[in-house]
Each structure stands twice: as structure tokens, then as C-alpha cells.
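**Student:** Fit chain B to the given chain A structure using the hints.
Going line by line, the protein sequences match chains A and B.
The first sequence maps to residues 1 to 390 in this note's numbering.
The second sequence maps to residues 1 to 390 in this note's numbering.
Relax, there's no trap hidden among the hints.
When chains are identical, the list treats them as one kind, so a pair holds in a single copy or across two.
Here are the computed lysine to aspartate or glutamate pairs in the DMTMM-like style, where the Cα-Cα straight-line distance is at most 25 Å:
(1) K81 with E368
(2) K125 with D27
(3) K31 with E264
(4) K178 with D37
(5) K178 with D97
(6) K178 with D33
(7) K356 with E370
(8) K125 with E264
Treat the hints as calculated values from the structure; they're not laboratory data.
Bear in mind the structure is a predicted one, so any value in this text is a computation, not a measurement.
One-letter residues, chain by chain:
Protein chains: 2
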Amino acid sequence: MTTTFGSLSRVPTYDALPGHRLVLGADAPLKLDCGIDLAPCTVAYQTYGQLNDARTNAVLVCHALTGDQYVAEDHPVTGKKGWWEMMVGPAKPIDTDRFFVICANVLGGCMGSSGPREIDPKTGKPYGLSFPVITVGDMVEAQLRVVRHLGIERLFAVIGGSMGAMQVLQWASRHPEKVFAAIPIAGAARHSAQNIAFHEVGRQAIMADPEWRGGDYLNQETNPTRGLAVARMAAHITYLSESALHRKFGRNLQDRQALSYGFEADFQVESYLRHQGITFVDRFDANSYLYITRAMDYFDLAAEHGGALANAFRGTTCRFCLISFTSDWLFPTSESRSIVHALNAVAADVSFVEIKSDKGHDAFLLDEPEFHAVLSGFIAGSAELAGLRR
Amino acid sequence: MTTTFGSLSRVPTYDALPGHRLVLGADAPLKLDCGIDLAPCTVAYQTYGQLNDARTNAVLVCHALTGDQYVAEDHPVTGKKGWWEMMVGPAKPIDTDRFFVICANVLGGCMGSSGPREIDPKTGKPYGLSFPVITVGDMVEAQLRVVRHLGIERLFAVIGGSMGAMQVLQWASRHPEKVFAAIPIAGAARHSAQNIAFHEVGRQAIMADPEWRGGDYLNQETNPTRGLAVARMAAHITYLSESALHRKFGRNLQDRQALSYGFEADFQVESYLRHQGITFVDRFDANSYLYITRAMDYFDLAAEHGGALANAFRGTTCRFCLISFTSDWLFPTSESRSIVHALNAVAADVSFVEIKSDKGHDAFLLDEPEFHAVLSGFIAGSAELAGLRR
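Bound-form chain A, shown alone (with noise of 0.2 Å):
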């Protein structure tokens, strides 16, 4: 499981990389939102702990934009830590030692789902842009046929940060029925004209660079590198906060005492920034990229129901959680603030907390111990009302 392959353009094929398959033939399609029909399809997920004989202790975690289904195990490109250990484990908030622990790569990534960089079985070369445009919905429904194949019923909880969080509002949804608690973390119920903003920079800068040729670069032999360092970077600084950026970094320079006049990285936070982009470009697709910051663009659950969010959630059983930080200027707390407005309307079950952070959007992946321990708190009155042994 923790073998190292190296840098992604270097993996030849999904099947080198660790973990479940499920493919979903001719016979079951994914009825995707955009009408077309996707078969075969393959979802890569994996699974921590052990399902308890009633299949009622699944907790299904559900990552964010650049996040994968290696929550907590080495990354098989990287060869890091996953990118949730803090929070699965034994004996974390997510604790394996009591949870059954599911994560999917999202149909349209590149660690194993179906998405751009997968071989087209119609013509035996890579899909590029002539795979389909898919939605958090869609991600939602490999997610459920991943949850059906392993006989769940009922997902104890359902639980994502950011992109995540998009999904675990989709579930709560689509499948109330499905979920026994809900855990939206720094999300929102629809992408605001700002992170569409973003996002589009993002997909520019990959489009601009020659190497993209269109999407068809792996038919091609080359790598757009260049344009995803850049789409990663200017989305990383949105990932953080100002004052986390001063604390880190300030003014500092980097390995130098003075000025250089010239366009060196004269700063660490430009060291820091590059960085970023050129670790990112080894572990991920940028035709994914496109797929994915478009999803996430395209969600709107009120728009789903009519304009209005509380519509979304009428009747529903799912007991909620709500979790926002003060310095996420991504994902205010607004949007949260929101979502909980519209439960409320319709009389669900919901808790909110905003915790007090200076790390930005990203505090979801970090150390925060006020974070911790509300989400502990959550999972263990949940799990008591849901009648699970200890």
C-alpha cells in the first residue's frame, strides 16, 4: 500500500495505483446529470476498520477539490502522510477502531475514478475533454454505488470539508433516508461568483499553456506543468488567510538578507507559493482539474429545488452538523450560516459552531483542537442515538 510510483505523468496506468475498484458495467450505468449515460465506469475507493455485522457503523468521508481517497495511509504518489490522519485513526475523532471508513476518489479525478486522464474503452485512448462534464450529484452517485456494493443501507455518518462538504449536502438531499448524520465543514451550498472567479483563472492558465494541446496532451505526450503550477498557486493563496499568510511569512526573505533586484523568489511566501505549484503538478491531472473546479462552479442545491435551499431539505431525518472558521474567506461562514437558516425552516436537527481560526480555508486539514473536539462531541452523541456499542 505505501509503495512510491513517483510522479503521476509517470504512472502508466490506474491499475498501478493501491486500493478498490468498482466497475460498473453496461448493465449499471451512472445516470449522470448531464444526460449521458456513463459505462463502464470505475470508482477507486478506499476503506478503513471494519464493518460491524448490522453495516451500520460506515462513516463516509468525502474529500475536497485536489484531495483523494488516501485518507489516512501514505499517499501512493507522494509517499506523505494522508491528508486527513489527524482526523482517522484510532482513536481520533474519526476513530477506525469503532468506524467502518469509506472514501471514494470523485468520478473525475486522476487517482483511480473514472475522469479525463481514464482510457476511453470506445477508442482505447485517454478521454481528455470527451469525458462528459460531471457534478457534485454525479460524485454523489458513484459514491452511493460504491456504498450499495459494500451492502450499507444507512451511512452512520456522512462527512467532507469544502468540495466535501458540497457533497455531503447533496447526500444529505438526494438520500436523507441513506444518512444518519450529516457533517458539511467549511462549505456552501452553491459556488459564489468569487470562487467561480477563481476557479476560471485557474482553468485559464491551464488552457493557455501550449502543452494543454486542447486537453488531448496525454495522446500527445506532453504535460501542461506550467499552467497547473500557476492554477495551483493563485488557488492556494484562497486557501489561506491574510493574517495566517503574515504570521507564517510576513515580509521575510528567503535565504538572503537583502533585496535582490530581480525576480528571483526574493520572499519566502513566493518560495512558499512555488513550491505549492510544483509539488501539485507531480500528483495531479490538469483535465481533472478543469472537471472538477467546474463541479464544484456548477453546484447550486437551492437552484436544484426550485430557488429555494430550505426545499432541499424538507422532511428530512438526517441530524446535522455545521462547521465554519472565522478567517475562511472561501467559504465564509455566511454560507454556512445559510444553509443552517434553511434547516431550521424546515425544523431539521442541526448544530452549527463557527471555530475561532486564523488559518484560512484550510484549518479543515489542520491541527485545530477546538475543531477536534466539537467533531468528537458530534460523532459521539450521534453514535450513542444511533445505538452503536462503544
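**Tutor:** The following block gives chain B in isolation, referenced to the frame of chain A:
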């Protein structure tokens, strides 16, 4: 003055751009902060109104990153109105029936002043990256030469927004005896880590464009328009507020009734942003963008004065008026406030107004009645104090 030249890349030489030129020869080189003596060196500038006999009614307008000297007249490349016609002109807050207005293209710019786009007399070819890295202080020294050339001992006022405000602060700090009133709008005494980060994204986007050719694109007859457009798009988001984007565009679709499930500009905000990128490259030079953003990054007035901003203004006789905008997150009110604190510490004459606006950083360029009223009031009061006749 209103000849349209079309795209900047098609303007063969600086001489083709209308307006005044001050050429500094080898006998009067510009001593740059990096240690280089720049000569010959050209400063392109425009003036509006009449200088009075006592030469006491001059107002120096300092432009922002992508601004230029065409403040109050049609732009010679785009044919559009001057960038501050709302503010400068007959019966405007900066009344050209009363004041003599000067605006110089900043050093490093691309509208006639010396910069990377100009011919290096030593080689007969465009400078490109062999042009020295300049600072806000260097921009001010170039402006000082123009002011001297015009026989002006003391400016009635120096005014500017954003990077213009940095120049105003530099003027007041280096040459307090030459400035009666200093009006820095939506500015800061140092560029923040987040702002450096956004600039670095823009620079990386330009340098990632293969047509940039290590900065030598003018000699190689290419043009990194795609990279420059991406840089502009990323920057443009920071000029607006989330609420302005929401109010103007929200999630409205562009020329369609439903999502396209593709990568065209489905949303108005995408279409708007693409337009901003495309039109910008017609009037701006990519290397100039690198140089000017670098100058802003380097700006740190406290660092120039032993780490204490108050020292930058000790003993000043200038009258200050600082203005910020509530929704400006690029140069937030807190930045202006810390300048006010420093000025208070040295008992300077300072007014400070935070204008309520949802238009973000760009508010200083837009029709904001309260802003215009505050400015008119301060200028009228200052003119009376300065003994300028009506």
C-alpha cells in the same frame, strides 16, 4: 491627442504615443535604489490646466499598477476615456480650471517612460530583463525631475490610489518640503504577504508562457499575451469585492438558459473576467507588469526607516488626507489606519475617512459620491490654507 493606435504590440516606438517627454542625459542620470545610474532616461507625462504665475497650483497625480499618464483624456491605444476623468477636469474634485495637473507614466511602465519595453541605447534593442529593477522610490525620483523641469518648487498636492498611494507616501517621506498636501487613497505603507503572493501568481503566469522567451519576446517577435491575460484575470478579482461580484453577476448565466456541461464561459462572471484579460494585453507590456509588481512588493516604508513607520514622517509639515474603502480587501482600512497611527505619533496634520462602499479596491476609480465629496472638501480647505485663489 486622440489618435487610436490599436494594440500596444503594434505601436512601433514610444515616439508614436502623444504627450510630453523629459529626457535625462548622461549628465543627469537617475540614481536608482538598486545602485545603478540610469541614463539616458525618459519620463513621459501629461499636463492639464494652467500653471499659475507663482507656480503654486500644481497637483501631481500618481497612477496605479496598470494606469498611465492619460488621466483625463482619451487613451491613445484603447480610445477609451481617461482613467480618472471622474476626478480630474473642469469643475471636478481636482478642478483643472483651478489646478495644474501633472501625471507621469511610472518608470518601468510601457507608455513612454523608460522601462523594459524601451530600446537600450547600448544595444539598440529593447531592454527586456536587462532593464534594472526599479522601486516606488525610483518612480518618485523620476517624477521629481519632471516637477523640477516645470520650475515647480512645491506641489500643492500629490494624490494617488493603490500604487499611486505608495508614491504619495514616498513623496511625503522623502520630500516633505515639496508637498503641501498628501492624499494617499486605498494604499499601504508596505505590501502585505498576501499581496506579494497574488503578484507572484501573475508573474509566474507570464513567465510560464513560452512566448515570454525569458523576457526577450520583443526581440524574438513573440508576445506572452496568454500569460499576461491570466495575470490580469487573477489580479482583477482582487480589485473587486465579493459582494460587488455577487451584485453584478451572481451565478447568472451568459447568453444561455441552462448550463452547457462544457468549458465555455457559462457564467457571466467568467465571460467578464475573460474580457478583462483579453482587452488588457492590447494596452500593456508583460515585462512592465513584472517590473511594476516587483516595485510594489519591495515597497516597505517602515523598513526604510529602521522598522518604525513614524520615522518616515518625523517633523513633516505636509497635510495628510487618507481615504480607504470598507470593502477593499487588497488594501484594507487597517493598512491606512496604521499609517494614520504613525502620523499621529509624529503629530502630523492628518484626516482619515473610511468610505462605505461595496465596490472593493476599485472604488477609487469609480463613481462614489461620498468619496468625491470628501476629496473636494479636503482640497478646497487645503487650497484656502495654501492661499490659492479661487
